[in-house]
Amino acid sequence: MGQQQLLLLVLGIVIVGLAVVVGIQAFSDNLVKSEADALTVDVARVASDLQAWAQKPVAFGGGGSSFQPNSVDVDFDNLGYPTGDQSLTTCTPGGTDYETPNGSISLAITGATAATITAIGCATDGTTRNTVVATVSGLGAGDISTVVN
24 MGQQQLLLLV LGIVIVGLAV VVGIQAFSDN LVKSEADALT VDVARVASDL
74 QAWAQKPVAF GGGGSSFQPN SVDVDFDNLG YPTGDQSLTT CTPGGTDYET
124 PNGSISLAIT GATAATITAI GCATDGTTRN TVVATVSGLG AGDISTVVN
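Taking the working numbering, the leading residue of the sequence shown gets 24, the next gets one more, and so forth.
Hints are supplied without guarantee of correctness; some may be wrong.
[As the list claims (entries may be wrong)] Simulated DEER-style distance windows between Cβ atoms:
{"#": "1", "residue 1": "ALA82", "residue 2": "VAL55", "range": "44 to 50 Å"}
{"#": "2", "residue 1": "ALA82", "residue 2": "SER160", "range": "25 to 31 Å"}
{"#": "3", "residue 1": "VAL45", "residue 2": "THR151", "range": "34 to 40 Å"}
{"#": "4", "residue 1": "SER94", "residue 2": "VAL156", "range": "22 to 28 Å"}
{"#": "5", "residue 1": "LEU162", "residue 2": "SER51", "range": "52 to 58 Å"}
{"#": "6", "residue 1": "ALA49", "residue 2": "GLY25", "range": "18 to 24 Å"}
{"#": "7", "residue 1": "ALA137", "residue 2": "SER51", "range": "54 to 60 Å"}
{"#": "8", "residue 1": "ASP72", "residue 2": "ALA49", "range": "20 to 26 Å"}
{"#": "9", "residue 1": "THR154", "residue 2": "PHE50", "range": "18 to 24 Å"}
Quick caveat, the hints were computed from the structure, so don't treat them as lab data.
We put the CB at the ideal spot given by N, CA and C, even for glycine.
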């Protein structure tokens, strides 16, 4: 009877250990996916605000149907987003990027109504986990596409 109990005890410890390892792995995978989702929401919000800004007349502080009014590219300051050293992320501290708790977002104007928005998410140790790129190809709702890497 003693050997059976010892065998069951060892078997129980092994099963519990495996369950803990599987649970930690599932949590890690879910964390990466939720961070990618949060970055996608941030990028879509910036793209939508960019389009809304471009649709406003220049007289009202908008772009007058362009991301480049008066041959000057729109930036985060025009859109009302704070830039500079906010110390919210560890991937790209400071600079002209917009930082959120989810990561750092950069904006590149590629044409009169075309832009690329790149968000880089990072772990607490500074390593990059997710990159989300949104391409804006016009001023309509269907002109925004995102890719998660």
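Okay, the hints, checked on the actual structure:
{"no.": "1", "hint": "ALA82 x VAL55: 44 to 50 Å", "result": "holds (45 Å)"}
{"no.": "2", "hint": "ALA82 x SER160: 25 to 31 Å", "result": "holds (26 Å)"}
{"no.": "3", "hint": "VAL45 x THR151: 34 to 40 Å", "result": "violated (26 Å)"}
{"no.": "4", "hint": "SER94 x VAL156: 22 to 28 Å", "result": "holds (26 Å)"}
{"no.": "5", "hint": "LEU162 x SER51: 52 to 58 Å", "result": "violated (40 Å)"}
{"no.": "6", "hint": "ALA49 x GLY25: 18 to 24 Å", "result": "violated (36 Å)"}
{"no.": "7", "hint": "ALA137 x SER51: 54 to 60 Å", "result": "violated (37 Å)"}
{"no.": "8", "hint": "ASP72 x ALA49: 20 to 26 Å", "result": "violated (35 Å)"}
{"no.": "9", "hint": "THR154 x PHE50: 18 to 24 Å", "result": "holds (22 Å)"}
Comparing the model with each earlier hint shows violations of hints 3, 5, 6, 7, 8; every other hint is respected.
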